[in-house]
Amino acid sequence: MKKTIAACIAATFAVNYSTTAFAEEAFMASLVEQSVLLDIDADSFVVIVGERGHILVSEDGNTFSQKNVPTHSTLTATTVVGNHVWAVGHDAVILHSADKGETWEIQNYQPELQRPFLDVLFFDEQHGIATGAYGLFYRTQDGGKSWNAERHASLLDPMDQEYLEDIRKEDETFYQQELESILPHLNRVTLDGNTLYMAGEAGLLAKSTNMGESWERYYVDYTGSFFDIKPLDENTVLAVGLRGNIFVNRNAGEWEYVQTCSNSTLNSILVGSGSTVYALGNNGMMITAQRPLPTSMRDPYANPSDCVADEGIVASQIKDKAALLNATQFNGETIAVTANGIKTLNLK
Amino acid sequence: MTHFLEKLVFGNRKIVVVLFAIATVFLGYQASHMRLDAGFEKNIPLNHEYMKTYIEHRQDFGGANNILVSVCDKNDNIYNQNFFDTLKNVHDQLFFINGVNRSLVISLFSPSTRFTEIVEGGFAGGPVIPADFNSSNPEALELVAANVEKANIVGRQVASDYSCAMVTAQLLDIDPQTGEPLDTLALAAELEEQLRGQYENENTSIHIIGFAKMIGDVADGAKDVLLFFAIAIAITAVMVYFFSRSVMLTLLPLVCSIIAVVWQLGLLTSIGFGMDPMSILVPFLVFAIGVSHGVQMINAVEKQAVTGIGAKRASMAAFRNLLVPGGIALLSDTVGFMTLLVIDIGIIRELAITASMGVAVIILTNLLLLPVLMSFLKLDQKYVEKFVGKENTNSRFWEVIAACSRKKPAAIILAVTAILFVFGHFQAQNMKIGDLHAGAPALHETSRYNQDTFLITDKYEVTVDYISILVETTPEACTSHSVMKAMDDFQWKMENVQGVQSAVSLASVAKIVNAGYNEGNVKWQVLPRNQQTLVQAISRVPTSSGLLNGDCSVMPIILFMEDHKAETISRVVDAVKTYRDEYQTDDMKFSLASGPVGVMAATNEAVSAAQDPMMLYVFGAVIALCLISFRSIRATLVVVIPLYVVSVLAQALMTYLQIGLTVSTLPVIALGVGIGVDYGIYILSTKSLMLKKGATVQEAYFAALKERGSAVLFTGITLAIGVSTWVFSSLKFQMDMGILLTFMFVVNMLGAIIVLPALARFLWWNKNDPGA
Numbered sequence: 001m002k003k004t005i006a007a008c009i010a011a012t013f014a015v016n017y018s019t020t021a022f023a024e025e026a027f028m029a030s031l032v033e034q035s036v037l038l039d040i041d042a043d044s045f046v047v048i049v050g051e052r053g054h055i056l057v058s059e060d061g062n063t064f065s066q067k068n069v070p071t072h073s074t075l076t077a078t079t080v081v082g083n084h085v086w087a088v089g090h091d092a093v094i095l096h097s098a099d100k101g102e103t104w105e106i107q108n109y110q111p112e113l114q115r116p117f118l119d120v121l122f123f124d125e126q127h128g129i130a131t132g133a134y135g136l137f138y139r140t141q142d143g144g145k146s147w148n149a150e151r152h153a154s155l156l157d158p159m160d161q162e163y164l165e166d167i168r169k170e171d172e173t174f175y176q177q178e179l180e181s182i183l184p185h186l187n188r189v190t191l192d193g194n195t196l197y198m199a200g201e202a203g204l205l206a207k208s209t210n211m212g213e214s215w216e217r218y219y220v221d222y223t224g225s226f227f228d229i230k231p232l233d234e235n236t237v238l239a240v241g242l243r244g245n246i247f248v249n250r251n252a253g254e255w256e257y258v259q260t261c262s263n264s265t266l267n268s269i270l271v272g273s274g275s276t277v278y279a280l281g282n283n284g285m286m287i288t289a290q291r292p293l294p295t296s297m298r299d300p301y302a303n304p305s306d307c308v309a310d311e312g313i314v315a316s317q318i319k320d321k322a323a324l325l326n327a328t329q330f331n332g333e334t335i336a337v338t339a340n341g342i343k344t345l346n347l348k
Numbered sequence: 001m002t003h004f005l006e007k008l009v010f011g012n013r014k015i016v017v018v019l020f021a022i023a024t025v026f027l028g029y030q031a032s033h034m035r036l037d038a039g040f041e042k043n044i045p046l047n048h049e050y051m052k053t054y055i056e057h058r059q060d061f062g063g064a065n066n067i068l069v070s071v072c073d074k075n076d077n078i079y080n081q082n083f084f085d086t087l088k089n090v091h092d093q094l095f096f097i098n099g100v101n102r103s104l105v106i107s108l109f110s111p112s113t114r115f116t117e118i119v120e121g122g123f124a125g126g127p128v129i130p131a132d133f134n135s136s137n138p139e140a141l142e143l144v145a146a147n148v149e150k151a152n153i154v155g156r157q158v159a160s161d162y163s164c165a166m167v168t169a170q171l172l173d174i175d176p177q178t179g180e181p182l183d184t185l186a187l188a189a190e191l192e193e194q195l196r197g198q199y200e201n202e203n204t205s206i207h208i209i210g211f212a213k214m215i216g217d218v219a220d221g222a223k224d225v226l227l228f229f230a231i232a233i234a235i236t237a238v239m240v241y242f243f244s245r246s247v248m249l250t251l252l253p254l255v256c257s258i259i260a261v262v263w264q265l266g267l268l269t270s271i272g273f274g275m276d277p278m279s280i281l282v283p284f285l286v287f288a289i290g291v292s293h294g295v296q297m298i299n300a301v302e303k304q305a306v307t308g309i310g311a312k313r314a315s316m317a318a319f320r321n322l323l324v325p326g327g328i329a330l331l332s333d334t335v336g337f338m339t340l341l342v343i344d345i346g347i348i349r350e351l352a353i354t355a356s357m358g359v360a361v362i363i364l365t366n367l368l369l370l371p372v373l374m375s376f377l378k379l380d381q382k383y384v385e386k387f388v389g390k391e392n393t394n395s396r397f398w399e400v401i402a403a404c405s406r407k408k409p410a411a412i413i414l415a416v417t418a419i420l421f422v423f424g425h426f427q428a429q430n431m432k433i434g435d436l437h438a439g440a441p442a443l444h445e446t447s448r449y450n451q452d453t454f455l456i457t458d459k460y461e462v463t464v465d466y467i468s469i470l471v472e473t474t475p476e477a478c479t480s481h482s483v484m485k486a487m488d489d490f491q492w493k494m495e496n497v498q499g500v501q502s503a504v505s506l507a508s509v510a511k512i513v514n515a516g517y518n519e520g521n522v523k524w525q526v527l528p529r530n531q532q533t534l535v536q537a538i539s540r541v542p543t544s545s546g547l548l549n550g551d552c553s554v555m556p557i558i559l560f561m562e563d564h565k566a567e568t569i570s571r572v573v574d575a576v577k578t579y580r581d582e583y584q585t586d587d588m589k590f591s592l593a594s595g596p597v598g599v600m601a602a603t604n605e606a607v608s609a610a611q612d613p614m615m616l617y618v619f620g621a622v623i624a625l626c627l628i629s630f631r632s633i634r635a636t637l638v639v640v641i642p643l644y645v646v647s648v649l650a651q652a653l654m655t656y657l658q659i660g661l662t663v664s665t666l667p668v669i670a671l672g673v674g675i676g677v678d679y680g681i682y683i684l685s686t687k688s689l690m691l692k693k694g695a696t697v698q699e700a701y702f703a704a705l706k707e708r709g710s711a712v713l714f715t716g717i718t719l720a721i722g723v724s725t726w727v728f729s730s731l732k733f734q735m736d737m738g739i740l741l742t743f744m745f746v747v748n749m750l751g752a753i754i755v756l757p758a759l760a761r762f763l764w765w766n767k768n769d770p771g772a
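Same order as they appear, the protein sequences are chains A and B. Residues 1 to 348 in the UniProt record's numbering are what the first sequence lists, from first letter to last. Residues 1 to 772 in the UniProt record's numbering are what the second sequence lists, from first letter to last.
Please keep in mind that the hints were generated in silico from the structure rather than gathered at the bench. Careful: at least some of the hints might be erroneous.
Claimed, not checked - Residues on chain B that point at chain A, a partial pick, calculated with CB under 10 angstroms: (1) ARG320; (2) ASP489; (3) LYS493; (4) LYS511; (5) VAL513; (6) ASN518; (7) VAL522; (8) TRP524; (9) GLN525; (10) GLU562; (11) ALA566.
Note that the structure is predicted; figures quoted are calculated from it, not measured. Even glycine gets a Cβ: it sits at the ideal position worked out from N, Cα and C.
Use the sequences and the hints to build the structure in full.
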């Protein structure tokens with residue numbers, strides 16, 4: 001543990017800004033609501049972000065208006081905290097709005113990094129983190145006025161961590177280079193009380209109890225990528241990922257496999273009413289499950305045509321089969337963002 | 001001059017007849033080899049800027065001459081053995097049809113139809129239909145169904161509701177077996193027989209669209225045109241009989257007019273032309289113009305014969321009197337039609353040659369042969385008696401009409417004409433260029449072809465209605481992020497233009513591939529800034545996709561359109577021109593255009609650009625010839641003004657009937673002028689002669705009406721009745737033309753006998769008429 005904290009601190013750098021030289025004019029598109037939209041978040045209003053720097057805001061969840069955003073970079077994630085909104089995306093762009101998404105400023109833009117942010121999370125209006133590709137991890141303590149890069153070797157699997165520690169003893173520079181290239185994509189961070197959960201590339205599932213200063217990686221018997229992780233209650237954490245994989249962790253035990261018989265990648269978890277939970281994925285796939293989730297043995301070599309889904313697991317597809325990225329409940333409706341734009345999901 | 005000709009011709013009557021007989025037999029023989037001939041390229045303005053781009057890149061990206069065959073299952077589900085067997089047969093059959101570009105036959109069965117899927121280790125993929133596919137095995141069908149989803153071809157190769165699958169092909173311009181231009185009509189017939197004929201049954205339906213099929217269907221419909229010609233000729237014959245009251249005088253002008261048509265067709269064949277289905281109405285026009293002159297001729301002979309001078313002298317007099325006005329009328333038609341040659345679209349040039357040749361031969365057949373033949377008749381006392389009463393009734397009728405040239409009626413007529421003109425002018429401003437409706441405008445909406453078009457548009461996301469914007473840049477440009485980003489941004493702006501249904505380019509595909517390389521995560525659906533990553537994404541897109549050429553220096557952005565209405569096309573083309581300015585650099589040009597709609601855009605622009613010059617040239621020819629023959633500006637004006645008003649009204653009618661100005665309808669206005677000018681010149685030639693002799697305007701007009709008016713009135717009505725039967729045609733094109741021509745025959749006739757004298761009154765005013 002000490003080691004990882006040390007690694008983390010050592011990996012903290014101040015970030016260069018290159019925001020001033022850059023401002024693109026938004027193209028107000030009539031098809032914006034049918035464009036590739038990648039994330040949605042809501043508080044007293046709804047914010048949707050997507051390709052080409054599209055940001056859509058709605059007060060009522062029905063009518064959305066496109067906002068003038070000073071970037072064309074594809075935005076992958078957004079978060080709403082009070083009246084503040086942050087959106088992050090490709091070219092390591094971080095955007096901020098202090099007025100419910102009406103006007104936007106660029107807080108960070110580093111196309112030369114060639115890395116996208118994939119998620120953003122704020123603990124309050126001042127403190128937040130943005131995570132992304134190849135271990136990209138930025139933190140702000142001042143509402144995004146300044147962002148600092150961190151590298152968390154603790155997110156690596158134990159073998160890699162061991163290897164890195166070995167080379168570190170010999171050459172600190174080489175260690176930094178290796179760390180830079182070996183870190184996985186950090187696809188999703190979720191906050192539950194004081195616990196932070198992380199889902200990422202190559203079987204990465206981790207949690208942190210100190211706002212992401214240090215991480216404790218879970219062991220999962222799966223090497224594919226995870227795209228979302230969410231606690232369902234005090235004892236249950238759910239993770240979804242590549243090719244229809246769902247794993248559930250109960251009472252801090254082993255991660256267990258849930259058979260869906262679907263091989264569409266699952267992007268997000270949506271907790272429904274009662275005991276229902278949904279996983280939304282590519283090809284318009286929507287997996288409906290009932291808690292407590294039944295589990296079974298995972299057999300990667302089974303013939304897919306013989307597959308039998310676990311009890312209560314139902315796979316359905318939305319009509320246009322567009323990839324479902326995320327969804328949120330707002331004003332009694334479930335609004336989803338898809339590769340074909342905004343969709344209202346009919347959940348029973 | 002006229003006297004010399006008269007002596008020469010009538011002195012050697014028998015020789016003349018024999019010469020004509022020989023020529024007719026020879027040209028008739030030639031005409032019997034007449035073939036229908038349609039080609040894609042001759043409908044295209046090959047020298048238009050867009051078409052230069054199209055031709056330059058045709059090798060790499062294929063032409064715009066596509067065939068789409070949708071094979072549909074009657075039970076609305078393609079996943080059954082019978083369907084896949086049929087689809088395979090259709091694919092193979094299409095592959096072997098001569099003239100199909102075999103490397104570009106695409107369906108589920110083509111090896112280039114592949115799927116990829118993301119697995120933990122990267123990509124997995126293969127052909128959608130595996131090599132060991134056995135259609136009788138339900139599991140094999142299930143596998144194909146799964147692959148179809150992974151290949152992301154629903155809406156393109158498979159109908160959105162899974163009831164149909166598509167086989168597409170591109171056609172060659174040159175027949176690979178003969179080296180000659182491709183025989184489109186033969187190909188269309190093969191498509192019908194070998195695809196629909198063989199494979200359409202109670203379980204499967206076959207829907208074929210594309211230019212070749214459309215023109216094939218038009219050619220099939222054009223075969224009824226013969227029937228309508230026959231009806232028109234029969235009606236004309238009956239009418240002429242009532243007019244002439246003599247079987248011989250009925251037969252002769254008709255025969256001479258038919259001889260003119262035979263000569264025209266024979267000459268066309270002799271110079272190696274075929275008849276385009278869209279020009280099939282020209283022979284009828286030649287016939288109509290022939291009848292118009294023929295009736296003038298028999299009318300003139302009759303007028304002479306009633307004085308009892310005998311057929312030969314009557315014919316000679318008629319020949320003498322009509323050679324000049326008739327000759328001028330026909331010559332101005334000929335020259336007028338020839339001016340269409342300046343329009344750089346093959347089919348219009350063909351029409352210019354066809355029509356002008358046809359009109360020119362009428363000078364020989366109806367102004368020369370006809371009086372010669374009539375001179376052999378015996379117009380005896382019995383014949384003369386038939387006309388005694390008629391002349392008197394006619395006189396009374398013409399006196400009423402002649403009142404049109406009194407000052408007050410003339411003023412009213414001119415006022416009404418002016419109002420009509422203004423109204424027509426404004427209406428004509430709204431005339432649309434190009435096709436106004438979805439589907440093929442030459443065919444009825446209920447036709448099989450248009451029904452097939454609607455079905456395919458309905459069931460698939462893509463149609464034949466697409467336009468490609470070619471991004472011309474430097475070699476290896478596709479590895480440059482800035483080039484690809486410019487393409488992508490431009491494409492997005494174009495997708496937002498109303499009328500664009502969807503779009504695809506190397507840039508948009510590269511983004512999807514890039515997401516694929518990142519575990520299919522949509523958040524990575526971007527153009528990578530890293531060059532190696534970009535190259536990796538692009539390397540999965542083969543040149544056979546049609547999205548890039550060999551060294552990716554040219555990349556099309558393909559816009560699929562909701563329809564090919566002229567408005568939609570011009571909206572999209574304008575948007576291209578606006579948006580491309582933001583992205584073009586010295587090294588990167590966004591050039592219009594390829595694809596079927598690109599061709600239409602060029603054609604529409606060429607037609608639109610040709611419209612005014614064409615009118616100018618046609619009227620210029622008429623004005624020049626009138627000036628030369630009448631040596632009077634006033635006379636020229638009274639002929640030309642009604643003609644112009646009628647042509648404007650005809651355009652207004654086209655607007656009202658929603659007939660767009662296309663390569664096939666563009667020449668109609670010019671042809672209409674050709675019909676109208678005859679009437680005016682005949683009436684005016686007598687009238688100006690009388691005026692010179694010292695008659696008042698009204699007297700001169702009365703004399704002109706008595707002498708020529710009945711023939712004009714008669715011809716106008718007869719031909720109008722003949723063409724009005726075309727509204728029953730199975731070709732929408734012929735129906736439209738029938739309406740337009742009926743209008744032109746009638747209104748031009750009215751223009752000549754009502755508006756012309758009213759105008760004359762104002763231009764000559766009190767000439768020879770101090771008391772008026």
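Okay, the hints, checked on the actual structure:
Of the supplied interface hints, the one on ARG320/B is violated, with its beta-carbon coming no nearer than about 72 angstroms to a beta-carbon of chain A, more than 10 angstroms. Evaluation of the ASP489/B hint against chain A yields a held restraint, the C-beta minimum of about 7 angstroms falling below 10 angstroms. The interface hint given for LYS493/B is met, as the beta carbon of that residue sits about 6 angstroms from the closest beta carbon of chain A, less than 10 angstroms. Nearest Cβ of chain A to the Cβ of LYS511/B: about 9 angstroms, under the 10 angstroms cut. The hint holds.
A distance limit of 10 angstroms between C-beta atoms decides the matter here; for VAL513/B the minimum to chain A is near 14 angstroms, and the interface restraint is violated. Hint status for ASN518/B: holds, given a least beta-carbon distance of 8 angstroms to chain A, under 10 angstroms. Below 10 angstroms, beta-carbon pairs count as interface contacts, and VAL522/B has one with chain A at about 5 angstroms; its hint therefore holds. At a threshold of 10 angstroms, the smallest CB-CB gap from TRP524/B to chain A is about 7 angstroms, leaving the interface hint in force.
Among the interface hints, the one on GLN525/B holds; its C-beta lies about 6 angstroms from the nearest C-beta in chain A, closer than the 10 angstroms criterion. For the restraint placing GLU562/B at the interface with chain A, the shortest Cβ-Cβ distance is roughly 13 angstroms, beyond the 10 angstroms limit, so the hint is violated. Interface restraint check for ALA566/B: the shortest CB-CB distance to chain A comes to about 22 angstroms, outside 10 angstroms, so the restraint is violated.
Going down the numbered hints, you'll see the structure goes against 1, 5, 10, 11, while the others check out.
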